[in-house]
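A.B. asks: Residue numbers (this note's numbering), protein chains in the order written: chain E, 424 to 628; chain W, 424 to 628; chain Y, 424 to 628.
Because the hints were derived from the structure by calculation, they are not lab data. In this text, all values refer to a predicted model and were calculated from it rather than measured experimentally. Errors might be hidden in some of the hints.
[What the hints assert, rightly or not] Derived SDA-like pairs (lysine to any residue); straight-line CA-CA distance at most 20 Å:
1. W:K585 - W:V574
2. E:K598 - W:D601
3. E:K471 - E:Q441
4. Y:K581 - E:V485
5. Y:K585 - E:E499
6. Y:K626 - E:R487
7. W:K585 - E:A593
8. W:K626 - W:W565
9. E:K471 - Y:D611
10. W:K626 - Y:R487
11. W:K585 - Y:L523
12. W:K581 - Y:R463
13. W:K471 - W:W565
14. E:K581 - E:Y591
15. Y:K626 - E:E499
16. W:K581 - Y:L594
17. W:K581 - W:R570
18. E:K598 - Y:K626
19. Y:K471 - W:V574
20. E:K581 - W:V574
21. Y:K626 - E:V485
22. E:K598 - Y:R463
[As the list claims (entries may be wrong)] Derived coverage of chain E by chain W (criterion: at least 3 residues anywhere in the stretch with Cβ under 8 Å from a Cβ of chain W; other residues may be distant):
23. 464-470
24. 577-590
25. 621-627
Ideal placement from N, C-alpha and C gives every residue a C-beta, glycine not left out.
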Amino acid sequence: MRLRFTPVDTTFYDLFAQSAGNLVDGSRLLAEMLVDGSDRAAIARQMKDAEHRGDEATHAIVRRVNSTFVTPFDREDIYRLASSLDDVMDAMEAAVDYVLLYELDGLPEGIEDMVDVLQRQADLTAETMPRLRAMRDLEDYWIEINRLENVGDQLYRKMLAKLFNGSYDALQVMKLRDVVEQLEDAIDAFEHVANIVEQIVVKES
Amino acid sequence: MRLRFTPVDTTFYDLFAQSAGNLVDGSRLLAEMLVDGSDRAAIARQMKDAEHRGDEATHAIVRRVNSTFVTPFDREDIYRLASSLDDVMDAMEAAVDYVLLYELDGLPEGIEDMVDVLQRQADLTAETMPRLRAMRDLEDYWIEINRLENVGDQLYRKMLAKLFNGSYDALQVMKLRDVVEQLEDAIDAFEHVANIVEQIVVKES
Amino acid sequence: MRLRFTPVDTTFYDLFAQSAGNLVDGSRLLAEMLVDGSDRAAIARQMKDAEHRGDEATHAIVRRVNSTFVTPFDREDIYRLASSLDDVMDAMEAAVDYVLLYELDGLPEGIEDMVDVLQRQADLTAETMPRLRAMRDLEDYWIEINRLENVGDQLYRKMLAKLFNGSYDALQVMKLRDVVEQLEDAIDAFEHVANIVEQIVVKES
């Protein structure tokens with residue numbers, strides 16, 4: 424039950440929306456990378472750009488939170504929300520990096536399902552950020568993100584079982600696992616974002 | 424030196440005790456899994472149940488901390504304690520999952536010693552949670568947990584040396600390492616719980 | 424805009440300087456370990472000593488922050504700064520441990536470049552900690568640490584590409600990767616320290 428002075432600085436919502444928008448771009452780039460014959464070097468460059476834009480949004484949030492007297496919700500929560508959005512992008516970018524670094528051509532079937540989960544999480548998160556301001560009707564968002572994380576977790580385990588089923592040599596398993604693990608990390612990071620939003624809403628209500 | 428209003432909500436202690444009780448169940452299930460001929464699928468289901476109970480306890484703590492005006496100690500510390508207990512369970516469950524996922528039959532000798540450390544940490548933590556209320560005589564607890572973590576660390580290194588001594592092929596090493604690493608993570612997570620308890624006590628004293 | 428009572432306890436700066444000093448020792452020990460014919464067991468013992476000194480500094484900081492009424496900056500930030508310095512040491516020590524544990528003799532060329540980055544980050548961090556007190560002219564510090572982290576990241580990727588280029592068998596790749604990953608973690612942890620310092624400065628300004 425914190426005292427609430429007006430005006431509350433609302434730029435935060437725009438910055439969070441920006442940050443989530445970059446994650447939509449990132450998940451789309453991951454999907455493009457899986458298309459045969461895609462220009463992976465170009466995709467990696469675009470991913471790097473998306474990551475830079477994300478870093479800028481995060482820095483803008485941090486500076487603003489430190490220079491604003493009245494924030495729309497707790498400073499600590501604003502930090503945590505910003506950095507958890509950041510974590511998603513870092514994992515997405517690392518996945519693309521590993522594909523290029525290891526010059527992985529044919530990626531095993533099933534990866535596209537994980538990327539599909541990521542795209543749905545990204546879209547939902549981007550739709551939700553502007554609605555943080557109203558602080559209402561957000562429960563469906565975090566329930567669905569958590570459901571998608573469970574789906575992603577099952578897909579991840581299936582991928583691991585596939586990698587270890589003997590059809591890949593050990594070095595190949597290690598390389599592919601690096602990619603798959605980053606996708607799993609990104610899916611988990613989206614759930615972390617949703618958990619933070621849930622906590623913020625519970626506090627405010 | 425925070426002002427202290429009465430009554431302080433004491434349900435937190437019960438919830439922490441519940442959460443730690445689930446870790447006792449989890450460590451017991453890990454020990455059962457190592458017994459030859461154990462029904463691993465059944466054990467994995469029971470572990471999943473224990474994890475769900477743990478998640479519920481954590482959620483109950485989070486909701487209560489957000490809806491309670493006077494908490495027995497700092498909100499942030501309550502969050503951190505709850506989520507660090509959660510981390511232990513996640514690592515325990517992941518260990519069991521990997522054993523099933525990889526259909527690992529004979530686990531290398533030495534793993535049972537790591538699980539034994541986990542059981543002792545779990546029992547000690549469960550005994551201690553109800554005593555958080557008195558905030559007294561907790562030093563022996565965190566000293567012993569830290570000692571057990573050092574023991575576990577030595578066991579972990581011995582396991583790694585064994586996995587890499589040439590008697591396992593690379594894929595097998597990767598699979599077994601996943602299991603062993605989760606046990607090590609669980610042991611570390613218990614130490615993290617103890618560190619948080621220590622900080623809380625120091626603050627309150 | 425926190426109220427500022429005098430006197431502010433300034434012991435914190437000395438303790439942070441001590442902690443950073445241990446990281447200079449640690450990075451030097453890593454460099455020695457790479458010299459052919461170095462006494463690695465002795466180096467590991469010295470690294471363990473440096474880590475213990477680091478733990479003591481961290482504990483001193485935690486106890487002081489909890490027993491001091493007026494801290495030079497936010498309690499939470501002091502905790503985070505202390506534990507992020509701690510993370511650097513843990514990663515450095517783990518790297519040395521893996522080299523001994525796996526009895527790795529010839530380490531691949533390129534590792535010395537990563538250690539060089541670590542030494543430069545450590546020196547710069549140690550010079551900077553005492554200057555936290557003045558809270559001025561610290562921007563060059565975090566810009567350079569971030570630049571060094573980018574250099575380290577490139578070196579890490581080159582090392583990974585080298586490990587996976589087919590000239591090492593899978594078990595050897597796993598062992599060497601453990602070492603290289605810890606070096607990368609230490610380099611990242613230095614960046615994390617710098618990010619926390621930046622946030623503290625922005626808050627105070």
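A.B. asks: State for each hint whether it applies.
C.D. replies: Comparing the hints with the structure gives:
1. W:K585 - W:V574: Within the cut-off at roughly 17 Å; holds.
2. E:K598 - W:D601: holds, 16 Å
3. E:K471 - E:Q441: At roughly 16 Å apart (the allowed maximum being 20 Å), Q441 (chain E) and K471 (chain E) satisfy the hint.
4. Y:K581 - E:V485: Violated - the C-alpha atoms of V485 (chain E) and K581 (chain Y) are around 32 Å apart, more than 20 Å.
5. Y:K585 - E:E499: violated, 41 Å
6. Y:K626 - E:R487: holds, 10 Å
7. W:K585 - E:A593: Distance of about 19 Å is within 20 Å: holds.
8. W:K626 - W:W565: Distance ~15 Å between K626 (chain W) and W565 (chain W) Cα, so the pair holds.
9. E:K471 - Y:D611: Roughly 18 Å between the alpha carbons, so the hint for K471 (chain E) and D611 (chain Y) holds.
10. W:K626 - Y:R487: It holds: about 10 Å lies between the C-alpha atoms, which stays within 20 Å.
11. W:K585 - Y:L523: holds, 14 Å
12. W:K581 - Y:R463: Within the cut-off at roughly 18 Å; holds.
13. W:K471 - W:W565: It is violated: about 28 Å lies between the C-alpha atoms, which goes past 20 Å.
14. E:K581 - E:Y591: The hint holds at about 15 Å.
15. Y:K626 - E:E499: holds, 13 Å
16. W:K581 - Y:L594: Given that 20 Å is the threshold and the Cα spacing comes to 16 Å, the pair holds.
17. W:K581 - W:R570: holds, 17 Å
18. E:K598 - Y:K626: The given pair, whose Cα atoms are some 42 Å apart, is violated under the 20 Å limit.
19. Y:K471 - W:V574: holds, 16 Å
20. E:K581 - W:V574: violated, 34 Å
21. Y:K626 - E:V485: holds, 10 Å
22. E:K598 - Y:R463: violated, 31 Å
23. 464-470: violated (count 0)
24. 577-590: holds (count 5)
25. 621-627: holds (count 3)
In summary, the numbered hints that this structure violates are 4, 5, 13, 18, 20, 22 and 23.
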